[in-house]
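Q: One line per chain: the protein sequences are W and D, in this order.
Note that our numbering has the first sequence beginning at 1, numbered continuously upward.
Note that our numbering has the second sequence beginning at 213, numbered continuously upward.
Accuracy of the hints is not assured; some may be wrong.
[As the list claims (entries may be wrong)] If the Cβ cut is set under 7 Å, some of the chain W residues that face chain D in the computed set are:
| no. | residue |
| --- | --- |
| 1 | Thr59 |
| 2 | Thr60 |
| 3 | Pro62 |
| 4 | Cys80 |
| 5 | Asn82 |
| 6 | Val121 |
| 7 | Glu126 |
| 8 | Phe178 |
| 9 | Gly195 |
| 10 | Lys196 |
| 11 | Tyr197 |
| 12 | Tyr203 |
[To be verified] Pairs of lysine-lysine residues, derived as DSS-like cross-links and limited to a Cα-Cα distance of at most 27 Å, are as follows:
| no. | chain 1 | residue 1 | chain 2 | residue 2 |
| --- | --- | --- | --- | --- |
| 13 | D | Lys407 | D | Lys691 |
| 14 | W | Lys181 | D | Lys772 |
| 15 | W | Lys205 | D | Lys486 |
| 16 | W | Lys196 | D | Lys265 |
| 17 | D | Lys265 | W | Lys65 |
| 18 | W | Lys204 | D | Lys652 |
| 19 | D | Lys507 | D | Lys691 |
| 20 | D | Lys281 | D | Lys241 |
| 21 | W | Lys205 | D | Lys281 |
| 22 | D | Lys486 | D | Lys312 |
| 23 | D | Lys313 | D | Lys675 |
| 24 | D | Lys485 | D | Lys407 |
| 25 | D | Lys486 | D | Lys241 |
| 26 | D | Lys652 | D | Lys281 |
| 27 | D | Lys400 | W | Lys204 |
| 28 | D | Lys652 | D | Lys586 |
| 29 | W | Lys196 | D | Lys400 |
| 30 | D | Lys771 | D | Lys483 |
| 31 | W | Lys181 | D | Lys258 |
| 32 | W | Lys122 | W | Lys196 |
| 33 | W | Lys128 | D | Lys265 |
| 34 | D | Lys772 | D | Lys313 |
| 35 | D | Lys426 | D | Lys265 |
| 36 | D | Lys586 | D | Lys407 |
| 37 | W | Lys196 | D | Lys771 |
| 38 | D | Lys281 | W | Lys181 |
| 39 | D | Lys483 | D | Lys464 |
| 40 | D | Lys464 | D | Lys507 |
Keep in mind that the hints were calculated from the coordinates and are not lab data.
Cβ coordinates follow ideal geometry from the N, Cα and C atoms, glycine included.
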Amino acid sequence: MERRELLKMIAAATGMAFVGGEVWAAGLTAPAAAGSKSLFSASDIALLDEIAETILPKTTTPGAKDAGCGAQMAVQINDCYNATEQGWFVDGLKQLRARSQQDYKLDFMQLSKEQRHQLLVKLDAEAKVRNVQLQSNDSTNVTTKKKAGDKNQPAAVVAPSAPHYFTLLKQLTLFVFFTSKVGATEVLRYSAIPGKYDGNLPYKKGDRAWAT
Amino acid sequence: MTTATNHYDAIVVGSGISGGWAAKELTEKGLKVLLLERGRNIEHIKDYTNAFKEAWDYPHRDRPTEQMKQDYPALKRDYPLNESTFGMWANEKENPYVEKKRFDWYRGYHMGGRSLLWGRQSYRLNEADFEANAKEGVAVDWPIRYADLAPWYDYVERFAGIAGNRDGLDVLPDGQYLPAIDLNIVEKDVAARIKKAFGGSRHLICGRTANITKPMPEQNRVNCQYRSKCWLGCPFGAYFSTQSSTLPVAMKTGNLTVRPYSIVTQVLYDKDKKRARGVEVIDSETNQTVEFTSKIIFLNASSFNSTWILMNSATDVWEGGLGSSSNALGRNVMDHHLNAGAWGEVEGYQDTYYSGRRPTGFYVPRFRNWGSDKRDYLRGFGYQGAASRENWRRDVAELSIGADLKAALTEPGRWTIGMGGFGEMLPHHDNRIFLDRTVKDKWGLPVLAMDVELKDNEIRMRKDMMNDAMEFFEKAGIKNVQGYNGDYGPGMGIHEMGTARMGRDPKTSVLNGNNQVWDAPNVFVTDGACMTSASCVNPSLTYMALTARAANFAVEALKKGEL
């Protein structure tokens, strides 16, 4: 039961349901070509690494690059998203590269840490605005999705509008970082065999959260 | 090709929760038993290959891949499709079924069946559950009453090991329990507020779960280690499963033969003696057909598959199969409808947290249509839920990216509390499964077609399931309470039952009060198929009790030469 509820309540720190989960997939039918070659080159993975590191930087604890986030993000996008969603990611990286050129006349990889942070803060704000718009259309979307899920209805499938690409990148960064060994055991707290349950454990600000 | 070595005193079909119990009880009483399992063997501990893995040990961090979603179009509809339990659910390509209406069928085709994957919540039906059909004129009357089953509940609880409190509530009879798994501080406070707010008519109690809180050395079982990885198979044997509990005892008697890869295709029926003489099996690896004979047969293949076997049996006598003379075979499909409830935020408690991962949460027993309460629908629902602090998945809209976001997500967030209802579904003649001979599985066998839907009673109840949960939390001082009445497809509760019901009359029921098929009294069905009504509590404990009771009856009857 707890598991049932937990999995349903996944909403990453982006204000919208986890893209790639079933809520999103309801209106999407085109499957990804199975066993197709990787969508990402080594330079794409390096870029994903730097984006992830900017979102979750090394501080007193390890950051996204320490956790190998770029490579794992590529694996996830290749295998766990349908073709439409994959297109959003691929196109998103293009847009991000172009935006860096537009704003700084430099490739994202050549930006300083501060510039990267500045750019992604901007994108995050833009993404949040877009998410609010998407959610204001949500009531109509919900009806559409319900119909698509009902087998007795002809498939009146309407793909949901694309979310902002930065939302996808941020969600996936958080997911791969906090489910990594580094993220779970060195950034969060992890206990393989707790041995007992304490339902009233004293907590003080700064104590780390449990990974699972 | 029946030979002396193919003959047993009893054949048990299926090795899940009820099949494991049948094997244990019959072998302990001295019968030579053949246990047939359609899938592969899974050895306790040794074969729990994922038991110590964490998210980072899986290629996709436990997420399903697109390939998995394509291969498992039904399973992907809800939580069970993931990397950690992959391979523990029936292959949907090899084992198709037909959905006249949407039906989510989650099957465990391997030794232990769904006993390895179950939710472990263990509650007794109450006195009213057994009387409601007769009192309300619904379907048919149960042929037994609570008192008939109470000693058997005692018996199976003691062996299985159920952690829980004796809460003293008529609606949820107390049993034989190990120490309960505690509520956390927030749940305890909410429980106290609820008691006050509803004048003692509603309760929030510890979930009762088949996880042991004290070692059971006689079964080589260690107490729960609070890892909450039950469904990967517990290397400590801390939850009840066929492998951890019933199978080792049955093996120890020396009376048990286990045969995996054995798909039972029919019960072999002797027209003259009006008895079953054995079963026909397809070996799923060699495709060879084998016959096994026995004095008695227990069908524990899971509700729908036990029904499927009956539909395929004695078709030369009854076109619809063994048990179909009642016109109840395959009818009255029930599940528990779920995915309606509420959640909200709990203020304060910022100086408290918890450690350890419980394999259970809290339970709110049924209160609708109970005592003086009357609604515009029949029966009721219970809730299961938990309070916890938010983790890194939470929404921190005010934070952007960078070190601040990371620092915030490294700490636990607010406390939240949520619960979801499990509602009773009424038996209905039109909610049925039947054989579709135009579609075949990998072995050329006809498959089941599902034609099941929620009726008006359930749809009305679901409104209360959401609204009552909201009211419950609001009265307990929970903030920003949000209700949900979400997507539910029959089968999603993974509590399918009712398709070979017990009753008092062979014209309207498939089984009698001892779980014997009216038309073949040496055939017993003691899995979910036998249920005459569904109650709203999780059903597995009742299958255990019914199985132990029927096995006892069968052995006594054999001794008297009545079978």
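Q: Now, for every hint given, state plainly whether the structure supports it.
A: Hints, one by one, checked against the model:
Nearest Cβ of chain D to the Cβ of Thr59(W): about 5 Å, under the 7 Å cut. The hint holds. The beta carbon of Thr60(W) comes no nearer than 9 Å to any beta carbon in chain D, farther than 7 Å, and the hint placing it at the interface is violated. For Pro62(W), the interface hint is violated, since its Cβ never comes within 7 Å of a Cβ in chain D; the closest pair sits about 10 Å apart. Taken as an interface hint, Cys80(W) checks out: its beta carbon lies about 5 Å from the nearest beta carbon of chain D, inside 7 Å.
Given hint, Asn82(W) at the interface with chain D, holds; its Cβ is 6 Å from that chain's nearest Cβ, closer than 7 Å. The interface hint given for Val121(W) holds, since its Cβ lies 5 Å from the closest Cβ of chain D, which is under the 7 Å cut-off. At a threshold of 7 Å, the smallest CB-CB gap from Glu126(W) to chain D is about 11 Å, leaving the interface hint violated. Checking Phe178(W) against chain D by beta carbon gives a least distance of about 5 Å; that is within 7 Å, so the hint holds.
Hint status for Gly195(W): holds, given a least beta-carbon distance of 5 Å to chain D, under 7 Å. Look at Lys196(W): its Cβ gets to within about 6 Å of chain D, closer than 7 Å, so that hint holds up. Residue-level restraint check for Tyr197(W) holds (minimum Cβ-Cβ distance to chain D is 4 Å; threshold 7 Å). For the restraint placing Tyr203(W) at the interface with chain D, the shortest Cβ-Cβ distance is roughly 4 Å, inside the 7 Å limit, so the hint holds.
The hinted pair formed by Lys407(D) and Lys691(D) meets the criterion: a straight-line CA distance of about 18 Å does not exceed 27 Å. Distance hint between Lys181(W) and Lys772(D) is unfulfilled; the C-alpha atoms sit about 63 Å from each other, more than 27 Å. Distance hint between Lys205(W) and Lys486(D) is unfulfilled; the C-alpha atoms sit about 74 Å from each other, more than 27 Å. Restraint check for Lys196(W) and Lys265(D): the C-alpha separation of about 19 Å stays at or below 27 Å, so the hint holds.
Restraint check for Lys265(D) and Lys65(W): satisfied, since their Cα atoms lie roughly 23 Å apart, inside the 27 Å limit. The hinted pair formed by Lys204(W) and Lys652(D) fails the criterion: a straight-line CA distance of about 61 Å is larger than 27 Å. A threshold of 27 Å between alpha carbons decides the hint, and for Lys507(D) with Lys691(D) the separation of about 62 Å lies outside it, so the pair is violated. For the suggested pair Lys281(D) and Lys241(D), the alpha carbons sit about 46 Å apart, so the restraint of at most 27 Å is broken.
Only pairs whose Cα atoms come within 27 Å are accepted, and Lys205(W) paired with Lys281(D) is rejected, the gap being roughly 41 Å. Restraint check: the Cα-Cα separation between Lys486(D) and Lys312(D) comes to about 34 Å, which exceeds 27 Å; the hinted pair is violated. In summary, the hint linking Lys313(D) to Lys675(D) is supported, as the alpha carbons are separated by about 22 Å, within the 27 Å threshold. The suggested pairing of Lys485(D) with Lys407(D) is violated, with an alpha-carbon distance near 59 Å, which exceeds 27 Å.
With a CA separation close to 25 Å, the supplied pair Lys486(D) and Lys241(D) stays within the 27 Å bound. A threshold of 27 Å between alpha carbons decides the hint, and for Lys652(D) with Lys281(D) the separation of about 22 Å falls inside it, so the pair holds. Between Lys400(D) and Lys204(W) the CA atoms are separated by roughly 21 Å; this keeps the pair inside 27 Å, and the hint holds. About 47 Å separates the Cα atoms of Lys652(D) and Lys586(D), which puts this hinted pair outside 27 Å; it is violated.
Only pairs whose Cα atoms come within 27 Å are accepted, and Lys196(W) paired with Lys400(D) is accepted, the gap being roughly 18 Å. Under the criterion of a C-alpha separation no larger than 27 Å, the hint pairing Lys771(D) with Lys483(D) is consistent with the structure, at around 23 Å. With a C-alpha separation of about 25 Å, the suggested pair Lys181(W) and Lys258(D) falls inside the 27 Å cut-off, and the hint holds. With a C-alpha separation of about 45 Å, the suggested pair Lys122(W) and Lys196(W) falls outside the 27 Å cut-off, and the hint is violated.
Our distance criterion of 27 Å between C-alpha atoms is broken by Lys128(W) and Lys265(D), whose separation comes to about 35 Å. At most 27 Å may separate the alpha-carbon atoms for a hinted pair to count; Lys772(D) and Lys313(D) exceed this at roughly 47 Å. This hinted pair checks out: Lys426(D) and Lys265(D) have alpha carbons roughly 25 Å apart, not beyond 27 Å. Proximity of Lys586(D) to Lys407(D) is assessed by CA-CA distance (about 20 Å); at most 27 Å being required, the pair is judged to hold.
With a C-alpha separation of about 47 Å, the suggested pairing of Lys196(W) with Lys771(D) is violated against the 27 Å cut-off. The hinted pair formed by Lys281(D) and Lys181(W) meets the criterion: a straight-line CA distance of about 26 Å does not exceed 27 Å. Restraint check for Lys483(D) and Lys464(D): not satisfied, since their Cα atoms lie roughly 37 Å apart, outside the 27 Å limit. In summary, the hint linking Lys464(D) to Lys507(D) is supported, as the alpha carbons are separated by about 22 Å, within the 27 Å threshold.
Taken one by one, the earlier hints fail for this structure at numbers 2, 3, 7, 14, 15, 18, 19, 20, 21, 22, 24, 28, 32, 33, 34, 37 and 39, listed in ascending order.
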